[in-house]
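**Q** Position one of the sequence shown corresponds to residue 46 (this note's numbering), numbered consecutively onward.
Simulated from the structure, these hints should not be mistaken for lab results. Keep in mind the model is a prediction, meaning the values are calculated, not measured. Hints are supplied without guarantee of correctness; some may be wrong.
DMTMM-like cross-link-like pairs, simulated, lysine to aspartate or glutamate; straight-line CA separation at most 20 Å [stated by the list, open to error]:
hint, residue 1, residue 2
1, K92, E149
2, K111, E131
3, K92, E51
What follows is a list of derived Cβ distance ranges for each label pair [claimed, not checked]:
hint, residue 1, residue 2, range
4, V174, T71, 17 to 27 Å
5, S159, L86, 14 to 24 Å
6, K92, L60, 29 to 39 Å
7, S133, L86, 19 to 29 Å
8, R67, E131, 20 to 30 Å
Cβ atoms here follow ideal geometry from the backbone N, Cα and C, with glycine treated the same way.
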Amino acid sequence: MASLPEQQLRVGVDLVDVERLRRLLTEHIDRHGELFTAAELEYCRGKRRRHEHLAARFAAKEAVLKAFGTGVSQRMRFTEVEVLNERSGRPRVRLLGSVASFAERHGLSQLDVSLSHTEGTALANVVSVWRRPAHS
């Protein structure tokens, strides 16, 4: 019988149309708080092409859930996956609420994110490393 690896690597990628997200946020002002944390909105508010930055963060949230493999329950909120920047400008993900609980229960040990955006498209790539749960 083969033994299970000590760690498992998973990747999630997502692509977002910047104009589509801009229209959604313009037509439904209330969606800002459903999709983004106050810190994310504050960071993007100061950017010249803020909708590109918002789209990249939304893509990262989707990519994180894809990197989780089976995803998270319906109770997950997009604001429970927060994309912040380090002083160097490098993006990082902070998990909150039910998403953080899911990650802890299932053995998430590392999470890395890369963002890219142009005038029309935003892309996020997430790599997650999972340790084998003790009960396996």
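**Q** Taking the hints in turn, state whether each one holds.
**A** Hint by hint, here is what the structure shows:
Pair hint K92 plus E149 does not hold up; C-alpha atoms about 33 Å apart against a cutoff of 20 Å. With a CA separation close to 23 Å, the supplied pair K111 and E131 exceeds the 20 Å bound. Proximity of K92 to E51 is assessed by CA-CA distance (about 42 Å); at most 20 Å being required, the pair is judged violated. The beta-carbon spacing between V174 and T71, approximately 38 Å, falls outside the hinted interval of 17 to 27 Å.
At about 21 Å, the CB distance of S159 to L86 agrees with the hint of 14 to 24 Å. Taken as a hint, the range 29 to 39 Å is violated for the pair K92 and L60, whose Cβ atoms sit roughly 20 Å apart. A beta carbon spacing of about 21 Å between S133 and L86 agrees with the range 19 to 29 Å that was offered as a hint. Restraint check, R67 to E131: a C-beta distance of roughly 26 Å satisfies the suggested window 20 to 30 Å.
The structure fails hints 1, 2, 3, 4 and 6 (numbered hints given earlier, in ascending order).
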